[in-house]
Structures are given as C-alpha cells and as structure tokens.
Amino acid sequence: MAGSTLETMSPADAPSLADSQYCTFWVGDLFFGVSVAAVQEVLRYQELTAVPTGPEAVHGLINLRGQIVTALDLRCRLGLPPREDGVLPMNVIVRSRGEVVSLLVDDIGDVITVDTRTGGLTLEAAPANVPSVVRDVVTGVLALPDAILLVLDADRAADVPAAPDTTGGTA
Amino acid sequence: MDDDAEIIAEFLVESHENLDQLDRDLVELEKAPGSRELLSSIFRTIHTIKGTSGFLAFNRLEALTHVGENLLSRLRDGEMEMTPQVAQVLLTMVDTVRALLEAVEASGSDAAGDADVDGVVAALKAVLEGPAETQVVPDVEAPADARVEVDVPEQTTVEAPVSESELDALEARLVAEVTADPVSDCVTVPAVDAAADAPNEDDTTRRAVDASVRVDVDLLDALVQLVGELVLTRNQVLQRTESQDDNELVRAVQRLDLVASELQEGIMKTRMQPIGQVWSKMPRIVRDLAVQLGRDVDLQMEGHDTELDRSLLEALKGPLTHLVRNALDHGIERPEDRAAAGKPVQGRLLLRAFHESGQVVVEISDDGAGIDPDHIASVAVKRGVITREQADRMEPRELVNLIFRPGFSTAAEVTNVSGRGVGMDVVRTNIERIGGTVDMQSQVGLGTTCRVRIPLTLAIIPALVVGEQGETYAIPQANLVELVRLEGEDLARGVENLAGAPVLRLRGHLLPLVSLAEVLGRERPTGDAMTVVVVQNDGQRFGLCVEEVHDTQEIVVKPIGRQLKMLPTYAGATIMGDGRVALILDVPGIAHAQNVAQVTESDVDSRAVAAEDSTALLVLEVSNGRRAALPLREVSRLEEFDVNRIERSGNAEAVQYRDGILPLVRLTSAIGLVETVRDDEQVSVVVHESDDHRVGIVIDRVLDVVEAAVVRSEVGRRAGVLGSAVIQDRVTDLVDLDAVVALTGVGA
Chain A
37 MAGSTLETMS PADAPSLADS QYCTFWVGDL FFGVSVAAVQ EVLRYQELTA VPTGPEAVHG
97 LINLRGQIVT ALDLRCRLGL PPREDGVLPM NVIVRSRGEV VSLLVDDIGD VITVDTRTGG
157 LTLEAAPANV PSVVRDVVTG VLALPDAILL VLDADRAADV PAAPDTTGGT A
Chain B
103 MDDDAEIIAE FLVESHENLD QLDRDLVELE KAPGSRELLS SIFRTIHTIK GTSGFLAFNR
163 LEALTHVGEN LLSRLRDGEM EMTPQVAQVL LTMVDTVRAL LEAVEASGSD AAGDADVDGV
223 VAALKAVLEG PAETQVVPDV EAPADARVEV DVPEQTTVEA PVSESELDAL EARLVAEVTA
283 DPVSDCVTVP AVDAAADAPN EDDTTRRAVD ASVRVDVDLL DALVQLVGEL VLTRNQVLQR
343 TESQDDNELV RAVQRLDLVA SELQEGIMKT RMQPIGQVWS KMPRIVRDLA VQLGRDVDLQ
403 MEGHDTELDR SLLEALKGPL THLVRNALDH GIERPEDRAA AGKPVQGRLL LRAFHESGQV
463 VVEISDDGAG IDPDHIASVA VKRGVITREQ ADRMEPRELV NLIFRPGFST AAEVTNVSGR
523 GVGMDVVRTN IERIGGTVDM QSQVGLGTTC RVRIPLTLAI IPALVVGEQG ETYAIPQANL
583 VELVRLEGED LARGVENLAG APVLRLRGHL LPLVSLAEVL GRERPTGDAM TVVVVQNDGQ
643 RFGLCVEEVH DTQEIVVKPI GRQLKMLPTY AGATIMGDGR VALILDVPGI AHAQNVAQVT
703 ESDVDSRAVA AEDSTALLVL EVSNGRRAAL PLREVSRLEE FDVNRIERSG NAEAVQYRDG
763 ILPLVRLTSA IGLVETVRDD EQVSVVVHES DDHRVGIVID RVLDVVEAAV VRSEVGRRAG
823 VLGSAVIQDR VTDLVDLDAV VALTGVGA
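As they're listed, the protein sequences go chains A and B.
Residue numbering for the first sequence follows my numbering, starting at 37 and increasing by one per position.
Residue numbering for the second sequence follows my numbering, starting at 103 and increasing by one per position.
You can take every hint at face value.
DEER-style ranges, computed between Cβ atoms:
1. A/80 with B/347: 29 to 37 Å
2. A/183 with B/347: 54 to 62 Å
3. A/124 with B/324: 30 to 38 Å
4. A/89 with B/781: 35 to 43 Å
5. B/320 with A/124: 35 to 43 Å
6. B/667 with A/183: 35 to 43 Å
7. B/579 with A/135: 23 to 31 Å
No lab work stands behind these hints: they were computed from the structure.
Note that beta-carbon positions come from the ideal geometry of N, C-alpha and C, so glycine has one too.
Modelling step: build the complete structure from the supplied sequences, incorporating the hints.
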C-alpha cells in the first residue's frame with residue numbers, strides 16, 4: 037500500500053459514507069487516517085519558506101495556488117525523530133478551524149472505506165501505552181485486519197502547543 | 103413572495119439612511135429653527151417613510167409617521183415654533199421609527215417589538231395641540247394632506263415672497279459653499295454636506311440616482327479577492343518576461359501591468375469609506391448626551407473625507423462613540439463649573455481625522471477639566487492596578503494612560519453613560535485588535551486629547567524587499583523612513599557598539615540598531631559594510647540592519663496561520679513574483695520585542711502636553727551592582743584594553759593610545775566607592791575627549807543607553823557625584839564628569 041499517489045481527491049467524489057472513509061498516510065511506523073471530509077487534497081513535496089523563530093513543528097509556508105498554507109511536520113509534532121536527509125515529505129492539506137493547513141507526512145496511503153456497521157469494527161480509544169503526545173491528536177483507533185489505523189483529529193494535530201514538542205510522552 | 107422581501111429590504115436600507123439624515127437635520131434645526139430647507143427636507147423624509155409604510159401595510163409605522171408629518175407640516179407652515187420640546191418629541195419619533203424598522207427586519211411586520219408607538223403618538227399629538235396653538239384638528243386635516251401630497255415639491259419652490267428664514271437659509275448655503283474644508287463652524291458643517299451635494303432639491307434626486315450605485319458587499323469582497331489574485335499572477339508573469347526577446351510579449355505584459363495596477367487602485371477604493379459616516383452620527387449623540395448631562399457643547403468635526411477600509415471603520419464606530427461619551431461625561435464640565443473656572447460656558451469638542459505616514463489618525467479633543475495624573479495614580483494604587491513605587495516612578499503621561507487598564511474607573515458615581523470601568527479598556531482592546539494604538543494626553547484644567555492611530559492595512563501594499571542570508575522578507579513602505587549604507591570609515595565612525603547596544607549616529611540623533619539576523623534568531627553578522635533600513639513605528643525610529651536591499655514591489659498581504667500569529671516578528675506573508683512565499687515583517691512587533699521602543703523621539707505635538715527635557719545617558723555599573731550615569735554626549739567612544747597595557751606613572755595609570763598617552767581614572771574610586779576585585783583580562787574604558795584633553799574612565803561595564811528626563815535628587819551628592827536619579831527603576835549616581843576628569847590632573 038506504499039503510496040506514490042499524487043491524486044487530488046475532493047470530498048465531492050466520495051460516496052455518501054464520507055464519515056467512514058479515511059485518507060491514510062504514514063508518519064514513521066504509525067499508520068494514520070483522516071476523515072476524507074476534512075482533507076482538501078494531497079500533494080507531493082512543495083517548496084517551503086522557513087519561518088525563523090517559529091514553533092519547531094512549523095517547518096514553513098507553502099504556496100498552494102496563490103494561497104499561503106502553513107506546513108506542520110507531523111514527525112516533529114509527535115516527537116518522532118526527523119526524516120533522513122534527502123527524504124522529502126508529502127503534503128496532506130486539511131481544513132482546520134476555518135484555515136487550510138498542510139500536514140507533512142512520510143508516505144501517502146490509499147483511501148480506505150471502513151464499514152463500521154456490518155464489519156463489527158468500532159472506534160476504540162487509543163491504548164494507554166501509546167505516548168500521550170500521540171494520544172492527544174487521535175480520536176481513536178480502528179483495528180483493521182492487517183493494520184491498526186490511528187484516526188487523526190485534524191484540528192488538534194494542527195494546533196501547536198506553546199511548549200516545544202520534544203518530550204515524546206512514554207515512548 | 104421574494105419580490106415583497108426585496109422591496110421590504112430596499113425600504114429598510116433607504117429608511118435607515120434617511121433616519122440618519124433626519125437625526126442630523128433635527129439637531130441642526132434645533133440650532134437654526136427658521137431653516138426652511140431643513141424643515142422641507144425633514145418633512146419629505148417622513149412623508150416618504152409614511153407613504154411606503156402605507157403601501158407595505160405597516161400600520162403602526164404609518165400611524166406614527168403620519169402624526170409626525172402633521173407636526174412637521176405645522177412647523178413648515180410657520181404655525182408652530184421649533185422648541186427643544188418639539189425637537190425632543192420629533193427625535194423620539196425618529197428613534198421609535200428605528201425600533202419599528204428593526205421589528206420589520208426581524209419579523210417582516212411592524213406589529214411585533216416593544217416600541218411604545220402609542221405613547222409617542224400621544225406625545226406628538228400633545229405637542230401639536232400644545233399651549234400656543236389655535237385650532238388643531240390633525241385627523242381632519244389628513245384627507246386634505248393626502249390630496250395635497252402630489253403638489254408638495256412644487257409648493258416649496260413657488261412661494262414668491264422671500265421670507266426672513268429663507269434669506270437665512272440662502273445665506274447659510276452660500277457661506278457653506280465658500281468655506282469648504284476644513285470646516286470650523288459647527289453650524290455650517292451639516293449644511294456643507296447638504297448644500298455641497300444639493301444646491302437644489304430637484305438636483306438632489308437627479309444626482310443621487312446618477313452618481314452612485316448600491317452594490318452588495320459580498321460582491322465587492324469577491325472582486326477584491328479576484329484582483330488580489332490578479333496582482334499575484336501579474337507579478338509572476340512580469341518576472342518571467344523580464345528576460346524575453348519577444349517584443350510583442352513584452353509590450354503586452356507591460357500593458358497588463360498598467361491595467362492591473364489601475365484596476366487594483368480602483369477596486370481598493372471601493373473598500374474605502376470616509377470617516378464622515380461615523381462623524382455624521384455624532385451631532386445627534388452629542389446633543390442627546392449634552393442634554394442628558396446638562397452640558398453646553400460646541401461640536402466641531404474635521405476630516406470627513408478621510409478614508410479608511412470599511413472593516414476598520416466598522417470596528418472603530420464603537421470605540422470612537424465611547425470616547426466621545428467619555429469626553430462629555432468626564433471631560434467637559436458643567437456650565438457653572440466652567441464659568442467658575444473662568445472658561446467659556448460652552449465647552450468645545452473637536453473630532454479630527456487625517457492621514458499621517460501610512461496611518462489614519464483620529465483625535466478627540468475637549469477643553470474640559472483634563473485628567474489629573476496624581477488623582478489617577480492614587481486611584482490606580484488603591485485598586486491595586488499598580489504599586490505606590492511604580493506610580494512614583496511613572497511620568498504624567500504614563501499615569502494618564504492608566505485609564506486604559508482593565509477595572510479602572512475614577513468616576514465618583516457610575517453614571518449610566520460611562521464610568522463602569524469596563525469602557526476604556528474595551529476601547530483599547532478593540533482598537534488594538536485592528537492593529538491600532540490609542541493614547542491620551544491631558545492638561546489639568548485645560549483639556550484632554552485622545553489620539554487613535556490605525557495602520558492602513560489594505561490587502562495590497564507597496565513594500566521594500568530585503569534579503570537576509572538567502573531568504574527574502576518584505577517591509578511595508580508605510581513604516582519606511584530611509585536607507586543608509588555604511589562602509590569602512592563611515593561604519594567605524596557612525597556606529598557605536600556599546601557592549602551589546604549598537605547605536606548609529608545619524609544627523610545628530612541616536613538611532614538604535616537592530617540586526618535582522620538577530621531578530622530571526624541567528625548571530626549578528628560582522629563585516630565592513632552595513633545596510634540599514636531606517637523604520638518607524640508610532641513616531642519611534644530604529645534602524646534594521648539587513649544583508650541586502652532588493653527593490654520595492656506591490657505585494658498582496660495574506661494572513662499567516664494561527665500557529666504563527668503570536669510571533670511578534672511577522673505581520674503576514676506574501677507570494678513573490680517567482681512564486682515563493684516571503685514573510686512580511688511587523689515593524690511595531692519587532693520594536694517591542696527588541697526593546698527599541700525605549701528610545702523615544704521628542705514629542706513636538708503642541709496640542710496638549712509640552713515637550714519634556716530629556717537627555718541621553720550612558721548607564722554604567724560600578725562596584726557590586728551600583729549604578730552611575732554619564733551624559734552620552736560626553737562619551738567619545740568605548741574602548742577595551744588588555745589589563746597588561748595599563749602602565750603606571752607615579753600614582754596615576756595610563757595606556758598608550760592612538761599615538762599618545764591616555765590618562766586613566768577609575769570611576770569607582772573617583773565617586774567614592776570601593777573597587778570590586780576583578781581579574782578580567784580586559785578593562786572597559788569610556789573615552790572622553792574635548793578640545794584640549796583626553797581622558798579614559800575605567801568602568802566595570804556598560805549597562806545601557808537611555809533617553810530619559812532626569813530628575814536630580816540631592817541624595818548621594820558628594821565629590822565626583824552631582825546627585826542621584828531614578829533611571830530604569832534603579833537609583834543611579836549622576837557623575838560629575840568635570841570633577842572626575844580633574845582627578846587625572848588634566849584639563850581645567
């Protein structure tokens with residue numbers, strides 16, 4: 037499911053089960069999903085303009101067709117070690133609190149549909165041994181057949197706490 | 103049903119405009135009771151509202167305006183006189199009409215709402231049937247009026263004999279047309295609006311219809327947005343075609359450039375509104391307040407045409423109104439108090455608006471009682487806003503501005519007009535929210551001036567593009583003063599690096615320097631050349647040292663995300679011609695963060711407080727945290743010498759310096775203190791040079807350069823010390839330089 041997809045998905049394309057359709061991506065070993073309704077589009081790496089003295093997680097600003105979008109690095113936000121040199125992140129463009137924000141992730145996955153009615157899958161709370169900084173941005177987990185999907189809360193993920201994120205909780 | 107809704111919507115918009123005009127006209131009429139023109143205008147407005155109300159079956163509205171119309175008809179025909187009671191009841195009618203319109207807006211009918219229509223109608227009738235009148239049967243006249251309606255406009259112009267009041271009106275119009283702007287007599291102010299626009303009633307209707315169009319605000323905003331995108335794209339195209347050989351293409355792009363610029367200018371204008379909109383509400387507000395508080399006030403307004411962005415104007419309405427209320431409630435005294443103080447019984451309230459260096463400045467001045475800093479101080483201390491020690495150290499101007507702190511109110515009783523202690527801090531918050539500042543100046547007994555400054559943050563602004571270590575930043579031209587480039591000798595001479603406080607001597611003034619690299623969290627670069635962008639913020643200047651200056655461009659200001667809003671350095675971001683994002687520097691934000699807001703330009707504003715004497719001082723540390731200060735003008739330069747360069751001659755110390763010998767004196771002992779034992783390898787020396795001698799004063803370290811009004815106290819006066827003063831909240835010895843220098847045996 038390694039994604040090199042450069043699709044621009046619009047919620048208008050999604051069928052009516054928008055709530056259980058997730059746009060998925062990887063940050064380190066973590067497999068995340070964001071409700072398709074919150075995602076505007078997905079892009080390859082875009083040139084970043086750095087913001088000196090800004091929060092560590094804000095890696096910069098990108099030009100999205102004339103709109104200036106803040107790019108938040110999720111590795112940083114979640115206290116994970118930085119990407120290797122030369123590895124470029126992807127942009128997951130989400131709508132959060134009336135603004136457009138880009139979440140920088142390692143790899144894009146497919147859009148998956150989770151049937152929560154018949155499949156017996158329910159959203160569970162994140163296990164207690166998951167680091168708090170990760171639990172804070174996750175609304176719950178879905179135990180898929182071949183992976184655990186962490187359902188991301190885009191709003192909380194795009195909020196940058198006042199203090200630096202370098203303490204990674206229990207991990 | 104939609105058609106009805108549309109008609110009603112139009113009716114509401116028009117009526118609101120008309121009611122505002124009515125307010126103004128009635129207030130004016132009170133002052134110039136004989137004005138036929140005003141009466142006719144007022145009559146016509148009420149008549150229109152009555153007519154449309156009837157058509158739309160708003161019965162209460164119709165009934166109310168009907169009686170009002172009757173009263174006005176009597177006034178117009180000279181059968182009644184305009185008195186304060188008549189004015190009051192008419193103004194109440196206007197308010198009630200407003201309330202009914204609100205009910206219509208909310209529910210589509212005037213039946214709802216708690217407007218006391220019957221009460222007002224009764225009041226109107228009472229005035230109609232009032233004492234001085236003969237027979238008055240308003241209802242019987244109604245049908246007659248109805249038939250006469252059509253003829254009303256012609257009637258007023260056909261009256262042949264020129265009456266006294268007509269002459270007055272004509273004279274007022276002529277005077278108004280001659281004295282255009284600035285208007286200094288309040289009587290003519292509204293007349294200018296009316297007369298300049300409408301020398302003739304018929305012309306009014308023609309002009310209004312031709313000269314302006316009503317446009318939906320959302321459509322305008324969409325247009326502004328589109329033009330912003332166009333400017334961005336134009337910039338990109340311009341950049342790409344700079345190196346093109348295709349002449350046709352280049353020419354076409356140049357045309358595109360011109361057209362886009364003009365389009366942008368035009369569209370920005372649609373967002374601009376004159377502050378006259380806010381001014382126009384003031385006569386009524388001031389009149390009502392003056393009546394309520396028992397004051398006699400002469401209101402003057404200037405700068406009606408000063409324009410600012412629609413959203414800023416909207417945000418300013420509340421604060422300005424509150425400031426006016428404040429001036430009337432706390433500023434202007436009761437007539438008897440004014441008389442007792444030897445002032446004219448009528449107080450003056452002046453509202454001024456004007457543009458100044460990229461800002462809109464609004465001033466609200468009164469010649470009232472002024473604000474007593476000591477009174478403010480004691481109230482502030484009592485309420486725990488500040489401590490007694492802080493209060494003692496604050497200058498009068500700072501004390502006066504304490505009224506903007508939350509929870510502050512000095513009103514002996516909280517009137518229902520102001521004084522709840524929530525007003526002024528809300529005013530300041532609301533003004534700061536749109537990026538403005540507010541400041542009070544006052545003189546006890548003479549008056550107060552409140553000054554509001556709003557930066558003109560339009561979406562498209564000219565900016566200077568600078569480069570720092572490969573990155574690009576934009577500085578709004580509104581903050582720009584000049585560019586200075588220093589190299590080699592000039593650099594060495596012009597810039598003083600006072601142990602961490604770099605200062606540039608520029609034409610006799612001291613300019614604090616801030617390195618952009620440091621603002622961005624990096625090391626300050628060294629080099630033999632320096633480019634300084636002199637910027638200003640609210641009258642305070644400083645120099646921003648940058649690596650490169652590129653060019654001036656027009657940029658579209660885009661907001662930055664919530665994650666970055668708290669950073670003081672950036673005001674927004676923009677997209678450059680090459681498609682890359684550049685951050686826009688926030689000059690006021692940088693000024694505060696870098697503490698260059700301390701060195702203030704002397705205030706030459708003559709309206710209120712006189713300029714205070716202040717001197718530039720070099721503040722030093724001597725011995726265990728004690729402080730001393732020297733006038734900066736006596737300091738030629740600061741040097742650091744290796745300890746082992748100090749040589750002794752008898753009891754004196756000296757160093758070899760610039761092909762000569764520099765005698766040294768240790769400041770600490772010179773002012774009678776005990777030297778701290780220091781084992782530094784370097785000593786800091788302040789070099790003082792005058793025509794015939796040169797002396798080095800050994801100090802522990804430089805603390806700061808401060809510009810302050812020094813109030814000398816005799817405390818601590820001794821050999822080598824003139825006295826002491828409180829500088830930067832610390833007691834500081836004021837060095838007697840002559841005495842210290844004399845210790846070296848040099849000079850007179």
